[in-house]
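All chains, please: the whole structure from these sequences, using the hints.
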Amino acid sequence: MFFDDLSSFLAMGGHGQYVWLSYGLAALIVAINFIGPALTRKKIIKDIERQLRREQT
Amino acid sequence: MSRQNFHNLDASPNANGQLPMLSARGLLCERDERVLFCQLDFDLFAGDIVRIAGPNGAGKSSLMRILLGLSAGFEGQLFWHGQPMAEQIHDFRSQLLYLGHQLGVKGSLSAEENLAWFCPNARPDEIYAALQKVGLKGYEDLLTHALSAGQQRRVALARLFLADKPLWILDEPFTAIDKEGVSELEQVVIKHAQGGGLVILTTHHDLRVPVKTLMLGGQESEMPLC
Amino acid sequence: MWTRLKRLYHKMGSPKWFYQISTLCSKWCMAVGSVLMLTGVVWGLAFAPADYLQGNSFRIIYVHVPASLLSQSAYIMMAVAGLVGLVWKMKMSFVVAKVIAPIGASLAILSLLTGAIWGKPTWGTWWVWDARLTSMLILLFLYFGVIAIYNAIENDEMANKAAALLAIVGSINIPVIKYSVEWWNTLHQPATITLSKKPTMAPEMFIPLVLTIFGFYCWFAVWVFARARNEVLLKERRTKWVRALVQARQHKSQIGGDA
Amino acid sequence: MLIALLKRDLLLAFRSRGDLLNPLMFFMVVASLFPLAVSPDPALLGSIAAGVIWVGALLAALLSLDLMFKGDYEDGSLEQMLLMPQPAMLMVLVKVLVHWLVAGLPLAFIAPLLGLMLGLADGGFMPLILSLLLATPTLSLLGAIGAGLTVGLRKGGMLMPLLILPLYIPVLIFAASAVQAGVQGTSYLGHMAFLGAYLALTLVVAPLAAAAALRISLAR
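Protein chains in written order, with our numbering: chain A, 1 to 57; chain B, 1 to 226; chain C, 1 to 259; chain D, 1 to 220.
Hints are not guaranteed to be accurate.
As the list claims (entries may be wrong) - Heads up, simulated BS3-like pairs for lysine-lysine below, C-alpha to C-alpha not over 27 Å straight-line:
#, chain 1, residue 1, chain 2, residue 2
1, B, K137, D, K7
2, B, K133, D, K7
3, C, K178, A, K46
4, C, K120, A, K43
5, B, K212, B, K191
6, A, K46, C, K252
7, A, K43, C, K91
8, D, K7, D, K70
To be verified - Partial list, derived from the structure: chain C residues whose beta carbon lies under 8 Å from chain D:
#, residue
9, K161
10, S180
11, C218
Simulated from the structure, these hints should not be mistaken for laboratory data.
Glycine is no exception: its CB is placed at the ideal position from the N, C-alpha and C atoms.
What follows is the structure, encoded as structure tokens:
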């Protein structure tokens, strides 16, 4: 461990805001790329299910 | 998979012992996930006048664009003089005369100037003669946007007299042409076929010409001789 | 040999096969990528030593560099996928090219944003017309062009081909653009305050970077697979295998609900 | 055939002389917006003149690109051209040549006037004209790709800048700094060499790509 304690880890020697902002943005974009397709997939499957039900009746 | 596998064409010659000029094997055309036609086979011979018929939306113009090589969304093979079309595309295009739904006639050029670029090898007196044949004598120097719709179409039709191409593909050539003009045009088409040409056309007119019909839109495509 | 290759080619073009194989691949990529990312990020954030010039702000490198690298190579991948689609008429290849565009653009945006944030403590300003930031901005514009063409053309097949062509032309231009921007930058930069790293990075700083780069690549594969599978489902929604798949899911969820 | 096409297109361009003037007028208006927006101070204007003139030239060329294939697409002549036995890329080259003659070349002639208005230093005029002569064909060539891709689209006019402008950036950088170098009295031979090389590259790639783009656009 490079840092002595948690608070110095968060402060990053005064550059904490920049580092954490960058990692936050990275997490956001990673999350969008993971969640976006998952939501689309759910929607597509729901649409196909609805189509199937419509055909059964 | 729309990968084309090139087979050799196995077509039988017609009654005159000729081999087909333009053939299709297993053509399939899809538009917006709807199959317009599939398993379409035909052999067209020199001397034929072929009318592509069928109700609206049956794929008449799609078939024409496929034959012209302007459409990529199809499966199946085309053959030109028995050879795969992809290898013969230059030969095919140099023997093709196509009159489209849109004429390609520029409004800000005169009739003569329009024809001069369509048929660069034609001499001016030949162009004048062709324009006279389509009944545009005296209109040669007029800018075509001053002409009527029918006259503009006649400018495009004058190409039939200028270029010496064996294959004619005509999309609705009789639109906006008066009765007299239609019967003259029919004679031109017959003469071209008798001279060893092949004419493929679509039209809503009742032709007084012996034609083969390529029916689209039915379950199976048939090609009876009328 | 040739027939086997041909069979593989046909298989790869088949959406069903792609769907099945990509489900498997994406699980593996997800696992490997997550391990790499976790170790890389934790190591980079907490264990790597601070840079002697930039202090702790250099830790941004572990997201900035992978994002930049990936968004550049994603553009090339998109162009190659498009080329394969155009030349060999492989439909799945077009699908891959199509789904890369938004992912690559998002990574370019991430790279620009983290670059700007890194610039603040290093240069004292959010944005400088540094060669790398500028060429990344232009890369983002190139992505915008490709995305715009997908949006503008309604016919799927036409849109795929047009976008593939544009991506290919763009990728031919990338070296020219990069070269000219770098040249322009050296000409106009009054004082050279580039982010020049030391020629040799200490291994304890360098290894986590390698880990995050590979981790990002793995995750990128997961994203591409996920979007491509959506495209396949949408395109093949009328086929039997998709219907069977959906029905099986329905069935499973009903049983799960009962238990 | 190609000569007939060239003749026809030049004749068409000549018949619609009004349209020919539009990019030129646009060029002049854009360039004269800068003194109003930035400052009339000759020293300041002189220092940005090279960039302003080149950005204006870029936009003017872009504006006229939309017309490269549009008219022929709408009346069906483009179809006829693609059905000719000659390779479509030669046809594209003719179209590009005409576009350059009517939209690119005039910019090179009017640019010195704008240089005077914006207070460009004396040394900048020669590289300005040379760079315009050497680089406007590149603009037409690259633009043909965009024009080919967007020819069938209703919203094509808005899309084109997005597709093409990023590819114009190397031209802008080298051309504008060639003028800058001329102003400072240093050699601009290297810039010209780059512009020439880029022209050669686009001359090889662009007609092929634009012909492919046209085939894609017409395969509805």
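These are the hints, each one checked on the structure:
1. A distance of roughly 24 Å separates the Cα atoms of K137 (chain B) and K7 (chain D); the hinted pair therefore holds under the 27 Å criterion.
2. Taking the CA atoms of K133 (chain B) and K7 (chain D), the gap is about 26 Å. The hint holds against a cut of 27 Å.
3. Our distance criterion of 27 Å between C-alpha atoms is broken by K178 (chain C) and K46 (chain A), whose separation comes to about 45 Å.
4. Taken as a hint, the K120 (chain C) and K43 (chain A) pair is broken in the structure, with Cα atoms around 41 Å apart against an allowance of 27 Å.
5. Proximity of K212 (chain B) to K191 (chain B) is assessed by CA-CA distance (about 16 Å); at most 27 Å being required, the pair is judged to hold.
6. With a C-alpha separation of about 15 Å, the suggested pair K46 (chain A) and K252 (chain C) falls inside the 27 Å cut-off, and the hint holds.
7. Taking the CA atoms of K43 (chain A) and K91 (chain C), the gap is near 23 Å; set against the 27 Å cutoff, the hint holds.
8. The straight-line distance between the Cα atoms of K7 (chain D) and K70 (chain D) is roughly 18 Å, inside the 27 Å bound, and the hint therefore holds.
9. Evaluation of the K161 (chain C) hint against chain D yields a held restraint, the C-beta minimum of about 4 Å falling below 8 Å.
10. Here the hint on S180 (chain C) is kept, as its CB sits about 4 Å from the closest CB of chain D, short of 8 Å.
11. Checking C218 (chain C) against chain D: minimum C-beta separation of about 29 Å lies over 8 Å; hint violated.
Hint violations for this structure: numbers 3, 4, 11, all remaining hints satisfied.
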